[in-house]
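Asker: One-letter residues, chain by chain:
Protein chains: 2
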Amino acid sequence: MTKDPVTIVEVGLRDGLQILDRVMPTADKLRWLEAEHRAGVNRFEAASFVPPRLLPQMADAAEVVAGARALPGVIIHTLAPNLKGAMAALAAGSDVLVLPLSASEAHSRANIRKTREESVEELARVCRARDERAREGGCQTRIDAGISTAFGCTIQGEVPEDEVVRLAEACLEAGADRVALADTVGYADPAQVRRLYRRVKEIAGDRLQSAHFHDTRGLGLANCLAVLDIGIREFDASLGGLGGCPHAPGASGNVATEDLAFMLEAMGFDTGIDLDRLIEAQRLLATLLPGQTLHGKIAAAGLPKHFHRSPVHA
Amino acid sequence: MTKDPVTIVEVGLRDGLQILDRVMPTADKLRWLEAEHRAGVNRFEAASFVPPRLLPQMADAAEVVAGARALPGVIIHTLAPNLKGAMAALAAGSDVLVLPLSASEAHSRANIRKTREESVEELARVCRARDERAREGGCQTRIDAGISTAFGCTIQGEVPEDEVVRLAEACLEAGADRVALADTVGYADPAQVRRLYRRVKEIAGDRLQSAHFHDTRGLGLANCLAVLDIGIREFDASLGGLGGCPHAPGASGNVATEDLAFMLEAMGFDTGIDLDRLIEAQRLLATLLPGQTLHGKIAAAGLPKHFHRSPVHA
Chain A
1 MTKDPVTIVE
11 VGLRDGLQIL
21 DRVMPTADKL
31 RWLEAEHRAG
41 VNRFEAASFV
51 PPRLLPQMAD
61 AAEVVAGARA
71 LPGVIIHTLA
81 PNLKGAMAAL
91 AAGSDVLVLP
101 LSASEAHSRA
111 NIRKTREESV
121 EELARVCRAR
131 DERAREGGCQ
141 TRIDAGISTA
151 FGCTIQGEVP
161 EDEVVRLAEA
171 CLEAGADRVA
181 LADTVGYADP
191 AQVRRLYRRV
201 KEIAGDRLQS
211 AHFHDTRGLG
221 LANCLAVLDI
231 GIREFDASLG
241 GLGGCPHAPG
251 ASGNVATEDL
261 AFMLEAMGFD
271 TGIDLDRLIE
281 AQRLLATLLP
291 GQTLHGKIAA
301 AGLPKHFHRS
311 PVHA
Chain B
1 MTKDPVTIVE
11 VGLRDGLQIL
21 DRVMPTADKL
31 RWLEAEHRAG
41 VNRFEAASFV
51 PPRLLPQMAD
61 AAEVVAGARA
71 LPGVIIHTLA
81 PNLKGAMAAL
91 AAGSDVLVLP
101 LSASEAHSRA
111 NIRKTREESV
121 EELARVCRAR
131 DERAREGGCQ
141 TRIDAGISTA
151 FGCTIQGEVP
161 EDEVVRLAEA
171 CLEAGADRVA
181 LADTVGYADP
191 AQVRRLYRRV
201 KEIAGDRLQS
211 AHFHDTRGLG
221 LANCLAVLDI
231 GIREFDASLG
241 GLGGCPHAPG
251 ASGNVATEDL
261 AFMLEAMGFD
271 TGIDLDRLIE
281 AQRLLATLLP
291 GQTLHGKIAA
301 AGLPKHFHRS
311 PVHA
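Protein sequences, first through last, are from chains A and B. Here the first sequence stands for residues 1 to 314, numbered as in the working numbering. Here the second sequence stands for residues 1 to 314, numbered as in the working numbering.
Bear in mind the hints are in silico, worked out from the structure with no lab data behind them. No experiment lies behind these values; they were computed from the predicted model shown. Please note that a few of the clues may not be correct.
[What the hints assert, rightly or not] Coverage of chain A stretches by chain B, computed from C-beta distances (three or more under 8 Å per stretch; other residues unrestricted):
#1 68 to 82
#2 188 to 194
#3 211 to 225
#4 296 to 302
[As the list claims (entries may be wrong)] Once the Cα atoms are required to be at most 30 Å apart in a straight line, the calculated DSS-like pairs of lysine-lysine come out as:
#5 B/Lys305 <-> A/Lys114
#6 B/Lys201 <-> B/Lys3
#7 B/Lys114 <-> B/Lys84
#8 B/Lys201 <-> A/Lys305
#9 B/Lys305 <-> A/Lys201
#10 A/Lys201 <-> A/Lys114
#11 A/Lys3 <-> B/Lys201
#12 A/Lys305 <-> B/Lys114
#13 A/Lys201 <-> B/Lys3
[To be verified] These stretches of chain B come out as covered by chain A in the derived footprint (C-beta under 8 Å, 3 or more residues):
#14 122 to 135
#15 186 to 199
#16 218 to 229
No residue lacks a Cβ here, since even glycine has one placed at the ideal position from N, Cα and C.
Model the full structure from these sequences, guided by the hints.
Answerer: The following block contains the structure:
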């Protein structure tokens with residue numbers, strides 16, 4: 001019996017590192033990438049293309065992308081908040097470019113300094129620029145609209161589901177190849193994620209494939225399970241549960257890559273990941289960030305005694 | 001629309017405390033009970049009736065049960081490993097008596113110092129003693145067979161599902177009113193729990209109602225969600241995620257009561273619990289156990305901004 005494949009996108013190099021005060025040297029970022037690649041992870045959200053004065057952590061975005069590209073079979077996701085960043089991300093060679101938009105108007109103004117409508121217009125400009133590059137030949141970058149605060153927001157609280165659905169629709173009309181929903185601040189619960197995923201799936205179909213949950217309030221893996229049950233097969237996660245949102249106070253901790261991979265493999269899905277090697281990568285990360293609290297449980301508790309190693313794709 | 005009720009049984013006073021080296025004074029146990037009762041929790045696994053020389057933490061079991069009984073509406077679960085303990089538990093006034101049996105033969109010998117067959121015989125003796133007391137008048141104690149290591153064991157590794165099903169069947173034949181399945185060491189995954197709950201449900205029907213999951217490897221709440229989806233409506237949990245099994249190395253952390261209650265309330269279930277007051281109880285527990293690592297996330301992260309307080313039953 002063939003196992004059902006599930007893809008994990010490691011977003012720690014972007015979502016995890018962006019909240020840290022200290023800048024991780026480029027060489028360390030590449031060691032992290034290589035260690036996880038050795039464990040079988042082959043999709044990385046490797047960097048965001050933002051002005052270095054706003055986020056010094058990402059000043060080496062193009063170098064990190066180039067380094068990641070040197071690893072066999074790696075697919076590179078990057079993030080850019082606007083057209084200028086997007087052009088740099090395309091030039092650097094992104095397989096997937098994520099444009100973040102906030103479903104919460106309050107969070108949108110605070111985080112991206114744009115209204116939601118302005119964000120959609122920027123997304124449309126980015127899609128047109130990509131299409132133009134594609135016609136000139138060469139550019140095959142997929143553009144994902146990453147809808148953040150889709151399940152609530154620390155600034156405005158509740159985010160009406162109708163507004164999330166409308167924003168997803170507007171993103172697809174603006175030319176995005178995909179939409180993704182993110183629980184940026186860890187407010188989501190399993191009933192809510194099933195409800196909203198089903199609604200957005202109705203308008204987006206196969207153009208909704210991935211989930212991005214934070215474990216701030218402990219429900220990260222339960223939320224992954226909730227959408228796994230309704231057919232979602234792509235998840236963002238961060239090694240050691242590193243992450244959060246600098247503009248959403250208290251919002252720390254993506255779902256830990258190693259715990260998610262353990263859950264999926266234990267359930268019989270094929271992640272292509274060797275869990276022992278992934279735990280080794282988590283230990284490397286701990287040495288690269290001394291004093292940093294890492295989340296996730298499997299690295300400390302160890303794999304179950306009878307747990308079988310899964311085959312590595314790489 | 002009436003909300004679907006879900007019951008949480010606070011097991012921290014038994015499963016949580018039993019792994020600690022220090023003995024919590026009776027007065028502190030009662031303060032903990034009262035604080036959680038104030039939050040709307042009304043089922044407590046309050047103590048285990050074991051020889052005080054083996055577990056000094058439980059030497060005050062009868063006093064704790066008497067103290068709990070003084071709180072209005074409280075339903076008291078206790079645990080006893082054998083007939084002698086069971087008689088003390090019945091005499092103390094237990095509404096529910098849990099007899100633990102290990103699905104893993106290796107864990108059974110190490111933990112209860114009995115084979116599984118001997119455990120079932122002991123259960124039968126306890127059920128007969130209860131029935132006799134019932135005929136003499138008065139005793140209405142329900143007897144639950146608590147099947148531990150039902151999803152794996154740190155000593156023997158995998159526990160065959162067929163053996164768990166057969167043990168559940170034997171417990172019901174021995175006279176147990178209910179069976180419950182416990183992931184004592186945090187090995188379970190959502191696919192496995194759904195599979196095994198469905199199988200045991202086939203033979204037990206309504207006599208299987210509750211779940212006991214540990215969060216040792218981070219899947220505690222995902223496992224709760226997995227069985228919630230197939231109709232389970234009663235969960236063991238421990239305030240602050242305190243707990244584990246002294247005979248299963250590395251097995252620390254029941255599902256945290258406050259995180260589970262948050263998940264259930266967020267999903268629209270009625271737990272009868274006031275989450276703000278439950279978090280206050282968690283803070284009290286932290287002061288009662290200085291230096292003790294508590295698990296769970298919601299107490300640190302805080303409730304979502306728009307989260308509505310649920311009505312308290314008590």
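Asker: Determine for every hint whether it applies to the structure shown.
Answerer: Taking the hints in turn, this is what the structure says about them:
1. 68 to 82: Result for this restraint: violated, n = 0.
2. 188 to 194: Three-residue rule met by the region 188 to 194 of chain A, so holds; n is 4.
3. 211 to 225: Coverage by chain B holds here, the residue count being 9 at a Cβ distance below 8 Å.
4. 296 to 302: Coverage by chain B holds here, the residue count being 5 at a Cβ distance below 8 Å.
5. B/Lys305 <-> A/Lys114: holds (23 Å)
6. B/Lys201 <-> B/Lys3: Holds, at roughly 24 Å.
7. B/Lys114 <-> B/Lys84: Holds - the C-alpha atoms of B/Lys84 and B/Lys114 are around 15 Å apart, at most 30 Å.
8. B/Lys201 <-> A/Lys305: holds (27 Å)
9. B/Lys305 <-> A/Lys201: holds (27 Å)
10. A/Lys201 <-> A/Lys114: Holds, at roughly 26 Å.
11. A/Lys3 <-> B/Lys201: Cα-Cα ~27 Å, so holds.
12. A/Lys305 <-> B/Lys114: holds (23 Å)
13. A/Lys201 <-> B/Lys3: holds (27 Å)
14. 122 to 135: violated (count 0)
15. 186 to 199: holds (count 6)
16. 218 to 229: holds (count 8)
Figure legend: structure checked against the earlier numbered hints; hints not met, in rising order: 1 and 14.
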